[in-house]
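The chain contents come next:
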Amino acid sequence: MDQRQSPFLLEIRDVTRRYTLPRESLFKPPAAVEALRGVSLNVTAGRSMGIVGESGSGKSTLARLVMALEAPTSGTVLFEGRNLHALPPDDLRAARRDFQMVFQDPYGSLDPRRPIWRTVAEPAAALEGASRAQQRDRAAAALESVGLRADALDKFPHEFSGGQRQRIAIARALITRPKLIVADEAVSALDVSVQAQVLNLMADLRDQHGVTFLFISHDLAVVSHLCADVAVMKGGLIVEQGPVRQVLREPAHAYTRTLLESVPELVAPVVA
Amino acid sequence: MPLLEARHLRVDLHTHRGTAPAVRDMSFALERGDTLGLIGESGCGKSMTALALMGLAPDNATVSGSLTLEGRELIGLPDRDWRAIRGFRLAMIFQEPMTALNPVHRVGAQIAEPLRLHQHLSAHAARDKAIALLHRVGIPDAARRVDSFPHQFSGGQRQRIMIAMALACEPDVLIADEPTTALDVTVQKQILALIRELVDERGMALILISHDLGLIAQNVKRMLVMYGGSVVESGASADVFARPAHPYTRGLLAARPSLANRLVAHRSERLPTIAGSVPDLFSLPPGCPFAGRCAYTEAACRTQPPPVVALPGDHRFSCRRADVVLGTPESIAADA
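Chains as they are written, first to last, in our numbering: chain U, 1 to 272; chain B, 1001 to 1336.
Simulated from the structure, these hints should not be mistaken for lab results. By construction, the Cβ of each residue, glycine as well, lies at the ideal position given by its N, Cα and C atoms. Worth double-checking, as some hints may not be accurate.
[As the list claims (entries may be wrong)] Have a look at the derived ranges for each label pair, beta carbon to beta carbon:
{"id": "1", "chain 1": "U", "residue 1": "ARG37", "chain 2": "B", "residue 2": "HIS1151", "range": "21 to 31 Å"}
{"id": "2", "chain 1": "U", "residue 1": "LEU69", "chain 2": "B", "residue 2": "THR1181", "range": "24 to 34 Å"}
{"id": "3", "chain 1": "U", "residue 1": "LYS155", "chain 2": "B", "residue 2": "SER1283", "range": "13 to 23 Å"}
{"id": "4", "chain 1": "B", "residue 1": "THR1181", "chain 2": "U", "residue 2": "HIS158", "range": "19 to 29 Å"}
{"id": "5", "chain 1": "U", "residue 1": "THR20", "chain 2": "B", "residue 2": "ALA1238", "range": "44 to 54 Å"}
{"id": "6", "chain 1": "B", "residue 1": "ALA1109", "chain 2": "U", "residue 2": "LEU21", "range": "54 to 64 Å"}
[Unchecked claim] With a straight-line cut-off of 20 Å between C-alpha atoms, the simulated SDA-like cross-links for lysine to any residue are:
{"id": "7", "chain 1": "U", "residue 1": "LYS155", "chain 2": "U", "residue 2": "GLU122"}
{"id": "8", "chain 1": "B", "residue 1": "LYS1189", "chain 2": "U", "residue 2": "LYS179"}
{"id": "9", "chain 1": "B", "residue 1": "LYS1129", "chain 2": "B", "residue 2": "HIS1105"}
{"id": "10", "chain 1": "B", "residue 1": "LYS1221", "chain 2": "U", "residue 2": "GLU265"}
{"id": "11", "chain 1": "U", "residue 1": "LYS234", "chain 2": "B", "residue 2": "LYS1221"}
{"id": "12", "chain 1": "U", "residue 1": "LYS234", "chain 2": "B", "residue 2": "ASP1200"}
{"id": "13", "chain 1": "U", "residue 1": "LYS234", "chain 2": "B", "residue 2": "GLN1190"}
{"id": "14", "chain 1": "B", "residue 1": "LYS1189", "chain 2": "U", "residue 2": "ALA221"}
{"id": "15", "chain 1": "B", "residue 1": "LYS1189", "chain 2": "U", "residue 2": "LEU260"}
{"id": "16", "chain 1": "U", "residue 1": "LYS234", "chain 2": "B", "residue 2": "PHE1094"}
{"id": "17", "chain 1": "U", "residue 1": "LYS234", "chain 2": "B", "residue 2": "LYS1189"}
{"id": "18", "chain 1": "B", "residue 1": "LYS1189", "chain 2": "U", "residue 2": "GLU261"}
{"id": "19", "chain 1": "U", "residue 1": "LYS234", "chain 2": "U", "residue 2": "ASP14"}
{"id": "20", "chain 1": "B", "residue 1": "LYS1189", "chain 2": "B", "residue 2": "PHE1094"}
{"id": "21", "chain 1": "B", "residue 1": "LYS1221", "chain 2": "U", "residue 2": "GLU250"}
{"id": "22", "chain 1": "U", "residue 1": "LYS234", "chain 2": "U", "residue 2": "GLU250"}
{"id": "23", "chain 1": "B", "residue 1": "LYS1189", "chain 2": "U", "residue 2": "SER188"}
{"id": "24", "chain 1": "B", "residue 1": "LYS1189", "chain 2": "U", "residue 2": "LEU153"}
{"id": "25", "chain 1": "U", "residue 1": "LYS234", "chain 2": "B", "residue 2": "THR1186"}
{"id": "26", "chain 1": "B", "residue 1": "LYS1189", "chain 2": "B", "residue 2": "GLN1218"}
{"id": "27", "chain 1": "U", "residue 1": "LYS179", "chain 2": "U", "residue 2": "GLY210"}
{"id": "28", "chain 1": "B", "residue 1": "LYS1189", "chain 2": "U", "residue 2": "SER262"}
{"id": "29", "chain 1": "U", "residue 1": "LYS234", "chain 2": "B", "residue 2": "GLY1156"}
{"id": "30", "chain 1": "B", "residue 1": "LYS1189", "chain 2": "U", "residue 2": "GLY56"}
{"id": "31", "chain 1": "U", "residue 1": "LYS234", "chain 2": "B", "residue 2": "VAL1187"}
{"id": "32", "chain 1": "B", "residue 1": "LYS1189", "chain 2": "U", "residue 2": "TYR255"}
{"id": "33", "chain 1": "B", "residue 1": "LYS1189", "chain 2": "B", "residue 2": "ASP1200"}
{"id": "34", "chain 1": "B", "residue 1": "LYS1189", "chain 2": "U", "residue 2": "ALA254"}
{"id": "35", "chain 1": "B", "residue 1": "LYS1189", "chain 2": "U", "residue 2": "ASP219"}
{"id": "36", "chain 1": "U", "residue 1": "LYS234", "chain 2": "U", "residue 2": "GLU122"}
{"id": "37", "chain 1": "B", "residue 1": "LYS1189", "chain 2": "U", "residue 2": "GLU122"}
{"id": "38", "chain 1": "B", "residue 1": "LYS1221", "chain 2": "B", "residue 2": "ARG1196"}
{"id": "39", "chain 1": "B", "residue 1": "LYS1189", "chain 2": "U", "residue 2": "SER55"}
{"id": "40", "chain 1": "B", "residue 1": "LYS1189", "chain 2": "U", "residue 2": "HIS218"}
Turn these sequences into a full structure, and let the hints guide you.
This is the structure:
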């Protein structure tokens, strides 16, 4: 397989994903939905990409394909030029160190019965076979980089607030020093003031650790704050993509304009 | 006499950890056609306020102070009397349409229930009215859909059904608690437009509860900002957004990423945040709830409740250091 020919960190080529619905009748073939209908997207290292769209637009399906949690029906996902879905299992496992995910729900994504250090260190243990001592050290370092003190190591998730839990989830994603972090609605469940703290943290990681984010959200304002580029999804397709300021200033697609107009602003937007 | 008036409304929650004052000293008055917004972050007491207004506060809560509907005191009313008011004079749109609707009953029956209960309509008349209501809130093919179950509708449609239910008896006051949090922005816009239109059309009063500053800015005339169970700032929403006075309100406004700002500002700009975290209701300081997180905190802020300061246009905020705060430009205040 010819590898390393892609100039992009992540290259998504004409990806489709079809899901078969539960059979409704014995005599008819089960219906299918196409969650993704031919999506192509390039993410350059160092330029975080935002994906906006409403429920059912295919954002989360795209995230799962990028994370190699499931395979596309057709098309390819190249991470640093390698087709993730064609890698042998051992190679895929090794590759997973370079891309990690932060989930939406800071309550559901942490195991309530495990001390924080074990949750945070799990990728290091599973993907790199780190020893217990190493795991604790690295978990402490990761927690520190998200602004939590090392005494958090032996606590349990219920002892933290929603914002702190999301920091813990980010620490877990950081522990293997990934190049790409996929954040699926990672700040949507947080209050405004906490959301600002987590967004600032992500901006710091982007600037200081060179992490590139694939940042999925329904909130255009949040996406535009963190990302350099944005792709707008609707009905399994990307209807518009480009640099954030350009898309905000001169939305080319009617749907992008509808989205922009629907965001309740505190004052009338200064769009010319 | 105001339609609905709250004076020094207070809700105490009794739990195994002790007593938490979830709402303290809440006062407002509403006339027909008024729109009032309640804004604050999780745990500030806004939903507890809504439940108290509906007489639905949990069993372990004590509601005190005064709440009057056209002069009639509602606090301490027996359950039977509350049932005659709820859904009839006061109605509520809940946050989660999927949990607020009963999954095993057809939506038509659920909309017809308050009509049969309060207006004693016949089953047939109630059904006709349910169809008319579904049609009014924009459910296509209402005459057929009236017999569908909640799961057969989309999220936005379910919220429309909730609205139809709340409106069935033409209440005087409509309380909407985060009516669109579960919905997409384009649907959210439609739902709020519908609520506003119906409030106008029927001369109801609206109480809109939300954590979304933009939603409040665009949909209500007056607003209350809640923090740690108390109202820290109140006024016409135009005034509060144009000249936020309380350090908490300023911090909240500054922390919100704004599309308008993105068009002019640079990408690497940091969002101003509010230091610290929300106070524990079980161990609230005797003074200002925001003391400690606020850059202007002085010793007295922690021990004595803040005085209410009046600004032009019935705009008020509670702050001991009002002169210093007001003398500071907002952007600096928000950054502190």
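Each hint, compared with the structure:
Checked against the hint of 21 to 31 Å, the pair ARG37 (chain U) and HIS1151 (chain B) passes, with Cβ atoms roughly 26 Å apart. Distance hint check: the CB atoms of LEU69 (chain U) and THR1181 (chain B) are about 27 Å apart, consistent with the given range 24 to 34 Å. At about 20 Å, the CB distance of LYS155 (chain U) to SER1283 (chain B) agrees with the hint of 13 to 23 Å. Hint check: THR1181 (chain B) to HIS158 (chain U), Cβ distance near 24 Å, so the stated range 19 to 29 Å holds.
Between THR20 (chain U) and ALA1238 (chain B) the Cβ separation comes to about 53 Å, which falls inside the hinted range of 44 to 54 Å. Under the hint 54 to 64 Å, the C-beta atoms of ALA1109 (chain B) and LEU21 (chain U), about 29 Å apart, miss the expected range. Only pairs whose Cα atoms come within 20 Å are accepted, and LYS155 (chain U) paired with GLU122 (chain U) is accepted, the gap being roughly 16 Å. Restraint check for LYS1189 (chain B) and LYS179 (chain U): the C-alpha separation of about 37 Å exceeds 20 Å, so the hint is violated.
Of the pairs offered as hints, the one joining LYS1129 (chain B) and HIS1105 (chain B) holds, with about 17 Å between alpha carbons and a cut-off of 20 Å not exceeded. Of the supplied pair hints, the one linking LYS1221 (chain B) and GLU265 (chain U) holds, its CA atoms being roughly 15 Å apart against a limit of 20 Å. Proposed proximity of LYS234 (chain U) and LYS1221 (chain B) is contradicted: the alpha carbons are some 34 Å apart, above 20 Å. A distance of roughly 34 Å separates the Cα atoms of LYS234 (chain U) and ASP1200 (chain B); the hinted pair therefore is violated under the 20 Å criterion.
Distance check on the hinted pair: LYS234 (chain U) and GLN1190 (chain B) sit about 18 Å apart at the alpha-carbon level, within 20 Å; holds. A hinted pair counts as satisfied when its Cα atoms are at most 20 Å apart, and LYS1189 (chain B) with ALA221 (chain U) qualifies at roughly 16 Å. Restraint check: the Cα-Cα separation between LYS1189 (chain B) and LEU260 (chain U) comes to about 11 Å, which is no more than 20 Å; the hinted pair holds. With a C-alpha separation of about 28 Å, the suggested pair LYS234 (chain U) and PHE1094 (chain B) falls outside the 20 Å cut-off, and the hint is violated.
Between LYS234 (chain U) and LYS1189 (chain B) the CA atoms are separated by roughly 18 Å; this keeps the pair inside 20 Å, and the hint holds. The suggested pairing of LYS1189 (chain B) with GLU261 (chain U) holds, with an alpha-carbon distance near 9 Å, which does not exceed 20 Å. Under the criterion of a C-alpha separation no larger than 20 Å, the hint pairing LYS234 (chain U) with ASP14 (chain U) is consistent with the structure, at around 15 Å. Taking the CA atoms of LYS1189 (chain B) and PHE1094 (chain B), the gap is about 17 Å. The hint holds against a cut of 20 Å.
A hinted pair counts as satisfied when its Cα atoms are at most 20 Å apart, and LYS1221 (chain B) with GLU250 (chain U) does not qualify at roughly 32 Å. Distance check on the hinted pair: LYS234 (chain U) and GLU250 (chain U) sit about 18 Å apart at the alpha-carbon level, within 20 Å; holds. Taking the CA atoms of LYS1189 (chain B) and SER188 (chain U), the gap is about 18 Å. The hint holds against a cut of 20 Å. For the proposed pair LYS1189 (chain B) and LEU153 (chain U), the alpha carbon gap of about 43 Å is over 20 Å, so the pair is violated.
Using a Cα cut-off of 20 Å, the hinted pair LYS234 (chain U) and THR1186 (chain B) holds, with the two alpha carbons roughly 12 Å apart. With a CA separation close to 10 Å, the supplied pair LYS1189 (chain B) and GLN1218 (chain B) stays within the 20 Å bound. Distance hint between LYS179 (chain U) and GLY210 (chain U) is fulfilled; the C-alpha atoms sit about 7 Å from each other, no more than 20 Å. Only pairs whose Cα atoms come within 20 Å are accepted, and LYS1189 (chain B) paired with SER262 (chain U) is accepted, the gap being roughly 6 Å.
For the hint linking LYS234 (chain U) to GLY1156 (chain B), the alpha-carbon distance of about 17 Å falls within 20 Å, and the restraint holds. For the hint linking LYS1189 (chain B) to GLY56 (chain U), the alpha-carbon distance of about 18 Å falls within 20 Å, and the restraint holds. Restraint check for LYS234 (chain U) and VAL1187 (chain B): satisfied, since their Cα atoms lie roughly 14 Å apart, inside the 20 Å limit. Of the pairs offered as hints, the one joining LYS1189 (chain B) and TYR255 (chain U) holds, with about 14 Å between alpha carbons and a cut-off of 20 Å not exceeded.
Restraint check for LYS1189 (chain B) and ASP1200 (chain B): the C-alpha separation of about 17 Å stays at or below 20 Å, so the hint holds. At roughly 16 Å between alpha-carbon atoms, LYS1189 (chain B) and ALA254 (chain U) fall within 20 Å of each other, so this suggested pair holds. Restraint check for LYS1189 (chain B) and ASP219 (chain U): satisfied, since their Cα atoms lie roughly 14 Å apart, inside the 20 Å limit. Between the alpha carbons of LYS234 (chain U) and GLU122 (chain U) the distance comes to roughly 35 Å, so the proposed pair goes past 20 Å and is violated.
At most 20 Å may separate the alpha-carbon atoms for a hinted pair to count; LYS1189 (chain B) and GLU122 (chain U) exceed this at roughly 42 Å. At roughly 12 Å between alpha-carbon atoms, LYS1221 (chain B) and ARG1196 (chain B) fall within 20 Å of each other, so this suggested pair holds. Between LYS1189 (chain B) and SER55 (chain U), the direct Cα distance comes to roughly 15 Å. Compliance with the 20 Å bound is thereby established for this hinted pair. Between LYS1189 (chain B) and HIS218 (chain U) the CA atoms are separated by roughly 14 Å; this keeps the pair inside 20 Å, and the hint holds.
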